[in-house]
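Turn these sequences into a full structure, and let the hints guide you.
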Amino acid sequence: MAELLLEILSEEIPARMQARAAEDLKRLICDGLKGAGIGFETAQAFVTPRRLTLVIDGIPAVRDDVSEEKRGPRVGAPDQAVQGFLKGAGLASLEQAEKRNTGKGEFWFAVVTRKGGPTAEALPHVIDAAMKALPWPKSMKWGSGTLQWVRPLQSIVALFDGRVLEGEVSPGGAMAPIKFGDTTRGHRFLSKGEFAVTRFADYEAKLRAAHVILDPAERKKIILEGARRLSSDARVGLRDDAGLLDEVTGLVEWPVPLMGTIDAQFMDVPPEVLIVSMKVHLRHFTTTRADGALANRFVVVANNVARDGGKVIVEGNERVLRARLSDAKFFWDQDRRTTLESRLPSLKRIVFHAKLGTQAERVDRIATLAMEIAKAVPGADAAEVEQAARLCKADLVTGMVGEFPELQGVMGRYYALGENLPASVADAIGDHYTPAGPNDRCPTAPASIAIALADKLDALTSFWAIGEKPTGSRDPFALRRAALGVIRIVVENKLRLPLKPFLKADDLLAFFAERLKVQMREKGVRHDVVDAVVSLGGEDDLVRLLARVGALQAFLGTEAGRNLLTAYGRAANIVRAEEKKDKGLAAKIAGAPDAALLEQAEEKTVASALDQVARMVKPALAAEDFAGAMAAFAGLRGPIDDLFDKVTVNVTDRPEVRLNRLKLLNQIRATMDAVADFSKIEG
Amino acid sequence: MSNPSAVRGKPTCFQELILTLQDYWAAQGCLILQPFDMEMGAGTFHTATTLRALGPKRWYAAYVQPSRRPTDGRYGNNPNRLQHYYQFQAILKPSPPDIIERYLGSLQAIGIDTTLHDIRFVEDDWESPTLGAWGLGWEVWCDGMEITQFTYFQQVGGIEVDLVAGEITYGLERLAMYLFDRKTVYDLPYNRADCEVPLTYGDVFLQNEQEQSAYNFEHADVDMLFRHFADAEKECGRLIEKKLPLPAYEQCIKASHAFNLLDARGVISVTERQSYILRVRNLAKACCETWLATQKKPALSAVEGAA
Chain A
45 MAELLLEILS EEIPARMQAR AAEDLKRLIC DGLKGAGIGF ETAQAFVTPR RLTLVIDGIP
105 AVRDDVSEEK RGPRVGAPDQ AVQGFLKGAG LASLEQAEKR NTGKGEFWFA VVTRKGGPTA
165 EALPHVIDAA MKALPWPKSM KWGSGTLQWV RPLQSIVALF DGRVLEGEVS PGGAMAPIKF
225 GDTTRGHRFL SKGEFAVTRF ADYEAKLRAA HVILDPAERK KIILEGARRL SSDARVGLRD
285 DAGLLDEVTG LVEWPVPLMG TIDAQFMDVP PEVLIVSMKV HLRHFTTTRA DGALANRFVV
345 VANNVARDGG KVIVEGNERV LRARLSDAKF FWDQDRRTTL ESRLPSLKRI VFHAKLGTQA
405 ERVDRIATLA MEIAKAVPGA DAAEVEQAAR LCKADLVTGM VGEFPELQGV MGRYYALGEN
465 LPASVADAIG DHYTPAGPND RCPTAPASIA IALADKLDAL TSFWAIGEKP TGSRDPFALR
525 RAALGVIRIV VENKLRLPLK PFLKADDLLA FFAERLKVQM REKGVRHDVV DAVVSLGGED
585 DLVRLLARVG ALQAFLGTEA GRNLLTAYGR AANIVRAEEK KDKGLAAKIA GAPDAALLEQ
645 AEEKTVASAL DQVARMVKPA LAAEDFAGAM AAFAGLRGPI DDLFDKVTVN VTDRPEVRLN
705 RLKLLNQIRA TMDAVADFSK IEG
Chain B
339 MSNPSAVRGK PTCFQELILT LQDYWAAQGC LILQPFDMEM GAGTFHTATT LRALGPKRWY
399 AAYVQPSRRP TDGRYGNNPN RLQHYYQFQA ILKPSPPDII ERYLGSLQAI GIDTTLHDIR
459 FVEDDWESPT LGAWGLGWEV WCDGMEITQF TYFQQVGGIE VDLVAGEITY GLERLAMYLF
519 DRKTVYDLPY NRADCEVPLT YGDVFLQNEQ EQSAYNFEHA DVDMLFRHFA DAEKECGRLI
579 EKKLPLPAYE QCIKASHAFN LLDARGVISV TERQSYILRV RNLAKACCET WLATQKKPAL
639 SAVEGAA
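Listed in order, the protein sequences are those of chains A and B.
All residue numbers for the first sequence refer to the numbering used here, where the first residue is 45 and numbers rise by one.
All residue numbers for the second sequence refer to the numbering used here, where the first residue is 339 and numbers rise by one.
By construction, these hints were calculated from the structure, which means they are not laboratory data.
In this text, a Cβ means the ideal position worked out from N, Cα and C, and glycines have one as well.
Accuracy of the hints is not assured; some may be wrong.
What the hints assert, rightly or not - Rough simulated footprint, nothing fancy, chain A against chain B, three-plus residues with beta-carbon under 8 Å:
hint: 1; stretch: 427–436
hint: 2; stretch: 446–458
hint: 3; stretch: 476–487
What the hints assert, rightly or not - Calculated pairs, EDC-like style, for lysine to aspartate or glutamate (alpha carbon to alpha carbon, straight line, at most 20 Å):
hint: 4; chain 1: B; residue 1: K521; chain 2: A; residue 2: E362
hint: 5; chain 1: A; residue 1: K355; chain 2: B; residue 2: E484
hint: 6; chain 1: B; residue 1: K395; chain 2: B; residue 2: E627
Take a look at the structure:
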């Protein structure tokens, strides 16, 4: 058993692409090995800003002959099918194939044998194919070449059992091929020249000596532990930011966390501004004081061991930060000289979307919607809702939001508070973009709810009206997120707000149903149960809809529920089968069965049981007591079973009796469908 | 590789920064060109980059380009925003395998010691909608400060390049502020403090920033600019028909600058903006295509150096 070591060294790979690329390389090489009939035990991928590395262990040095059987077309099949089979199997003629009887007829079979041999001979092809197939989100060519890679390739280490594999990658043009070798390079600044490696253990150790920590998990740990230690030494707490940590891990081969200080003059700027500015522009980690407020220390992770211990690096970062925060402070001071109210005319100059008018027009629509929605939100004060709606987009024309678009809403809230507007108005401005994702908080204050819903419903109906509906993975206006936001706000606040009057288009309601299914599935609710309730149609009160789903799921979990489902299935199957034979049947069997034509006791029992159930279900549904409605069905199972045991539905000699019995079965279906479409439930 | 900084010493002022970069890239085999004598938004618009990036011929060049971005004017009140500033640009086509090492050498030359500083390559892809050009690369950070834009050109004028040019762009004022530790661009020493007539960047350019900002935002004659745009567009088309890509491209640059001024005057709406960008791009594309046709004809190669 031997080890394959592969390292692809290039110029700096964008941080956001690294983890995925390492996984893709591993998958492609492993698939390639399997395809070539080469076994292995373990595979591990690593990535740094400059290298993709893969080590695969437990590969046999010699590959066995592999014989593979391929079934072809039936003997006597058209020539086209036969030719296709021969081509696919790599045979010259049918003489090389054999006939075999499979029990379902005589078929052509091809037995293809692939020669084995030293594994080392097969590996270069596997590597080459994997590199060609590696899907970079964006790739480029360089020099005079034509090869596409994320950034220019520099060298490739490809060792099997400690020996260099025979192979190369050609960038094309007048450029020299990059031959598989056993040499690599260390850190860009902390190491000089090339060095040779033999096996993974040797490679990893030599890289470490050359100031490269290969494993991203280890780099991450060094960053996190270092940042925490520096923070605790300075008596502050590190603010967690998993996304930033991942990115910084992808920017350094030798992480050196250092601590710097934010100039005191900036500490009265809102913390969100400082945090965004530091994260976006400088990839700095921020810290908090014991009381949770933003502290004046930050952590920067350098990719260098400076000979002065990092003093110059920290000073440089502090200097750049000062320039950045001066901008931010300038905007903060400047913006507060103008009220949100007086900014409203400027919204007339901002186009929201070419076909949907300006932001000012959008604000008008949001205000109208919000006032309407507020009627259904307990505790909402109409005047506050109106004020918040009119001001909610005013921060878009502030200097700060121009510089940091991600602070929209947040700044509006601060500026509103600064003007001594009611806190509920300020909060509604600040909250109205939420929830921005499944893990984001959902507004709960009445005015916030009204504005947040109006913002999203306006976006949905407006884009819908101009035909900008999401398709496949394309959702440029984040309408799926908007719909999920509406669902969450309504459901989590238990708002009794029928959506239909706000949606205007039927397929928009269906879009909501689809989003709801996705959301419920993520919460572990059976999709068929959601389907059964949604396909009743017309339900636009999400709270009621989910209560029904909950009751149905609970009912189906009981013995009585499962039994009744079986009975429903039998009744529905018979009716469906007869309906297939007779297109006009559906109309003939609508409505209640004729009591005079009910002959057998079992029929009469079912009919009266159905009557009774219907009488119980109706008020229960009206009272939204869905559990009660489901419970009423529990008594149906026995009579229905007896009916199927004793009564023949399709009597041949008396058509009127047959029709009446089908009516009875149909009535079972109709009664149950008042609660949910049981035909959607999967066994 | 010779080390010009050993001769000249670490730069101490704005002009020495330029001289050092010129010496350095000259030693790397680059032609040292002069700025293009027209108003343009960035060094990329210089024919030495936009047109020379196309075609099968090798091309190493470096130059300073005054760059005008009318909307960035701040009447001289902002410490680092200018409507007129300088870029230093090196372009190496095809990009040599050691281009990053060469670039790092230039940092050493201007006095950035990599044993003291933290140099980082952060993903930053470049795109110019008006030139129909894009490339992949990085912004290079020194201790968190963006000091260079590094791009491998992939397309110019909507045409995929034959040979990939590596383009290295230094924002000179920003770099100088970092090197010479000044909080505002106007305090930068333009020449040496110990020379006979020491002057700051502000001595040279503050009045220009004030007046040009007033012109860009308040006084530029809008009707005239719309006329200039239309005229340049028309002239460019006519010259393309005559197969004169270099004069045609100058009209494209004119149209682009007129558009930038109109944009600063705030008279172009969001939707119109898109259509103006598209019109400039169409001109750039036509110029690039016509230029490329001249490059593939070997007969013209004799006069190439004069272009």
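Task: Hint numbers not upheld by this structure, sorted from lowest to highest - done: Hint check: nothing fails, all pass.
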